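Engineer: These are the residues of each chain, in order.
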Amino acid sequence: MGVIDSNEIRALTGAPAPGEARRSGVRIRFDGLSKAYAARQVLNDVNLDIEPGEFVAIVGRSGCGKSTLLRLLAGLEQPGAGGIALDGEPLQQTRDELRLMFQDARLLPWRTVVDNVALGLPGSRADVRRAALAALADVGLADRADEWPSRLSGGQRQRVALARALVHKPRLLLLDEPLGALDALTRIEMHQLIERLWLAQGFTALLVTHDVAEAVALADRVLLIEDGGIALDLRVPLARPRERGSAAFAALEDDVLRRVLQHPPLEDEPQPSSAVSFGQWRWAA
Amino acid sequence: MASTISSPSPRWLDQITPWLVPVAILASWQAAAQLGWLSTRILPAPSAVLSAAWSLAASGELLTHLKASFARAAIGFAIGGGIGFFFGLINGGYRLAENLFDTTLQMVRNVPHLALIPLVILWFGIGEEGKLFLVALGVFFPIYLNTFHGIRAVDASLVEMGRSYGLSGWSLFRQVILPGALPGILVGVRYALGFMWLTLIVAETISATSGIGYMAMNAREFLQTDIVVVAILLYAVLGKLADVAARLLERRLLRWNPAYAPV
Ligand SMILES: Nc1ncnc2c1ncn2[C@@H]1O[C@H](COP(=O)(O)OP(=O)(O)OP(=O)(O)O)[C@@H](O)[C@H]1O
Ligand SMILES: [Mg+2]
Numbered sequence: 027m028g029v030i031d032s033n034e035i036r037a038l039t040g041a042p043a044p045g046e047a048r049r050s051g052v053r054i055r056f057d058g059l060s061k062a063y064a065a066r067q068v069l070n071d072v073n074l075d076i077e078p079g080e081f082v083a084i085v086g087r088s089g090c091g092k093s094t095l096l097r098l099l100a101g102l103e104q105p106g107a108g109g110i111a112l113d114g115e116p117l118q119q120t121r122d123e124l125r126l127m128f129q130d131a132r133l134l135p136w137r138t139v140v141d142n143v144a145l146g147l148p149g150s151r152a153d154v155r156r157a158a159l160a161a162l163a164d165v166g167l168a169d170r171a172d173e174w175p176s177r178l179s180g181g182q183r184q185r186v187a188l189a190r191a192l193v194h195k196p197r198l199l200l201l202d203e204p205l206g207a208l209d210a211l212t213r214i215e216m217h218q219l220i221e222r223l224w225l226a227q228g229f230t231a232l233l234v235t236h237d238v239a240e241a242v243a244l245a246d247r248v249l250l251i252e253d254g255g256i257a258l259d260l261r262v263p264l265a266r267p268r269e270r271g272s273a274a275f276a277a278l279e280d281d282v283l284r285r286v287l288q289h290p291p292l293e294d295e296p297q298p299s300s301a302v303s304f305g306q307w308r309w310a311a
Numbered sequence: 689m690a691s692t693i694s695s696p697s698p699r700w701l702d703q704i705t706p707w708l709v710p711v712a713i714l715a716s717w718q719a720a721a722q723l724g725w726l727s728t729r730i731l732p733a734p735s736a737v738l739s740a741a742w743s744l745a746a747s748g749e750l751l752t753h754l755k756a757s758f759a760r761a762a763i764g765f766a767i768g769g770g771i772g773f774f775f776g777l778i779n780g781g782y783r784l785a786e787n788l789f790d791t792t793l794q795m796v797r798n799v800p801h802l803a804l805i806p807l808v809i810l811w812f813g814i815g816e817e818g819k820l821f822l823v824a825l826g827v828f829f830p831i832y833l834n835t836f837h838g839i840r841a842v843d844a845s846l847v848e849m850g851r852s853y854g855l856s857g858w859s860l861f862r863q864v865i866l867p868g869a870l871p872g873i874l875v876g877v878r879y880a881l882g883f884m885w886l887t888l889i890v891a892e893t894i895s896a897t898s899g900i901g902y903m904a905m906n907a908r909e910f911l912q913t914d915i916v917v918v919a920i921l922l923y924a925v926l927g928k929l930a931d932v933a934a935r936l937l938e939r940r941l942l943r944w945n946p947a948y949a950p951v
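Which chain is which? The protein sequence lines are A and B, in order. Note that my numbering numbers the first sequence so that position 30 is 56, with each residue one more than the last. Note that my numbering numbers the second sequence so that position 70 is 758, with each residue one more than the last.
These are calculated hints, taken from the structure and not from any lab test. Since we're looking at a predicted model, the values are computed, not measured. Possibly wrong hints are sitting among the right ones.
Computed Cβ-Cβ distance ranges for the label pairs, DEER-style [stated by the list, open to error]:
| hint | chain 1 | residue 1 | chain 2 | residue 2 | range |
| --- | --- | --- | --- | --- | --- |
| 1 | A | G166 | B | V709 | 55 to 65 Å |
| 2 | B | S856 | A | K195 | 45 to 55 Å |
| 3 | B | Y948 | A | S150 | 28 to 38 Å |
| 4 | A | D169 | B | L802 | 54 to 64 Å |
| 5 | A | A207 | B | P706 | 41 to 51 Å |
| 6 | A | D169 | B | Y948 | 19 to 29 Å |
| 7 | A | A207 | B | Y948 | 20 to 30 Å |
| 8 | A | G206 | B | Y948 | 23 to 33 Å |
| 9 | B | R939 | A | A276 | 36 to 46 Å |
| 10 | B | S856 | A | R261 | 51 to 61 Å |
Output of the computed footprint for chain A on chain B, the stretches with three or more beta carbons under 8 Å from beta carbons of chain A [stated by the list, open to error]:
| hint | segment |
| --- | --- |
| 11 | 847-854 |
| 12 | 863-873 |
Glycine residues also receive a C-beta, built at the ideal position from the N, C-alpha and C atoms.
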């Protein structure tokens with residue numbers, strides 16, 4: 027079977043091609059990217075090209091630097107050496123093109139669901155609300171718009187977080203284990219939701235995951251990070267929608283899993299990726 | 689309740705029982721006063737206290753004193769609370785400000801503010817400024833400390849999220865940091881209201897020419913125990929009202945928080 031890229035799939039599913047009626051995904055280039063924390067070299071000379079509209083999954087042992095890669099892309103960390111270019115231009119601090127989804131939903135508890143989705147949206151109140159409601163409808167939660175986030179289940183909160191990210195019509199969506207805390211059934215539903223929205227909107231997607239099946243189910247390309255570099259760059263030549271039960275799916279999943287497990291686990295305790303030192307969040311400091 | 693042994697009593701009885709003891713105390717107090725067992729100089733009968741309150745209210749004297757006390761409380765709270773809030777914000781938000789001010793403020797905090805009364809009288813005489821100064825000092829620290837810790841306790845992951853959604857400076861402060869610090873700040877407000885009345889009572893009792901404390905001290909000179917009791921009860925009512933107001937504020941501002949949501 028030949029490699030099927032996302033544009034062909036869009037043609038098959040009837041979704042608009044990139045550039046038609048919406049902005050296409052962003053092209054990413056990592057150029058000799060390195061990052062170290064104190065003495066620990068996390069990423070070492072990473073060179074990588076990601077095509078516009080591509081869905082890329084990143085797997086690897088805990089603590090190998092997956093979150094660090096996303097945080098560098100999101101501008102939450104500065105690279106030690108090398109750089110990142112989006113569409114050929116160097117990455118700036120905060121970019122509208124890019125949205126990040128975290129492992130926890132990080133909804134503001136003091137804002138209603140719809141106001142959470144509207145966070146940071148420019149425009150008049152009415153326009154902002156309309157856009158936020160439309161995004162909520164996309165994730166099937168329009169009827170919960172005026173409730174407090176504390177009333178929602180974990181999966182529903184992640185759907186709100188997804189709506190909040192997508193309402194900005196990002197050209198690049200970064201997903202850092204967004205489904206890690208959900209049960210298996212909800213996860214599969216979320217896969218279908220993310221795939222559908224990705225096909226419809228055409229953004230480039232980078233998904234960090236511990237779940238190899240999730241990577242194979244969603245991605246055009248699976249990357250393995252090991253020893254600070256890209257140890258595996260595998261295309262997933264399965265047609266969409268993908269059947270999890272199929273032999274090809276299982277074989278591919280098995281391949282990737284074996285490859286990940288070849289490497290001995292990192293000996294030191296991994297830190298939670300959301301740990302931020304105090305100085306970083308100080309507002310306006 | 690599961691922990692009680694007896695069988696459940698009817699609902700109306702449940703509502704009445706807590707009031708039985710207070711009513712009994714009032715009744716025996718009234719009886720003791722009327723039978724002459726209790727000198728009116730020690731404690732006048734409840735009916736006498738009520739009628740004293742009534743005549744004070746009718747003459748307009750009560751309202752004048754109430755207004756004077758209330759104005760002092762409000763102005764002192766606004767000044768002390770405002771300054772405390774400001775220092776809490778900047779010391780909580782900026783490491784430099786904390787290094788610069790926090791140690792000094794902590795040292796001042798160790799001085800009980802009521803110990804300053806002789807000095808305050810030397811500085812301001814028995815004018816308004818001295819009382820406002822004491823009230824402001826009394827509310828400053830609860831507001832300062834709780835604002836400071838409220839800001840520090842804001843969830844860092846929410847701040848990071850806000851930044852990654854393009855918020856910064858004022859918008860980040862207004863949408864993420866301030867609401868996140870609000871539960872702590874409101875705890876400070878509740879404490880501060882308590883300190884506010886306490887300081888005012890002491891300050892007005894020592895030196896004043898108006899206000900509830902003055903009314904009480906004046907009445908004491910003329911052995912009008914009934915008016916003294918009215919003043920004490922007024923302070924209690926005002927304290928209770930302030931507490932209720934703070935609770936309502938919490939209910940309203942923290943209604944997103946399941947712990948404060950009305951059931
Ligand atoms: N702010 C930080 N300060 C110091 N070291 C850090 C910091 N953030 C991450 N690290 C270290 O960098 C390495 C990579 O962390 P990262 O969060 O990218 O791992 P990860 O691949 O996302 O792991 P996981 O799968 O467990 O989330 C880890 O060894 C971690 O301890
Ligand atoms: Mg991580």
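Engineer: Against each hint, give a clear statement of whether it holds in the structure.
Structural biologist: Hints, one by one, checked against the model:
| no. | hint | verdict |
| --- | --- | --- |
| 1 | A:G166 / B:V709: 55 to 65 Å | 57 Å, holds |
| 2 | B:S856 / A:K195: 45 to 55 Å | 21 Å, violated |
| 3 | B:Y948 / A:S150: 28 to 38 Å | 31 Å, holds |
| 4 | A:D169 / B:L802: 54 to 64 Å | 57 Å, holds |
| 5 | A:A207 / B:P706: 41 to 51 Å | 46 Å, holds |
| 6 | A:D169 / B:Y948: 19 to 29 Å | 25 Å, holds |
| 7 | A:A207 / B:Y948: 20 to 30 Å | 26 Å, holds |
| 8 | A:G206 / B:Y948: 23 to 33 Å | 31 Å, holds |
| 9 | B:R939 / A:A276: 36 to 46 Å | 55 Å, violated |
| 10 | B:S856 / A:R261: 51 to 61 Å | 39 Å, violated |
| 11 | 847-854 | holds (count 8) |
| 12 | 863-873 | holds (count 6) |
Violated hints, in rising order: 2, 9 and 10; the structure is consistent with all others.
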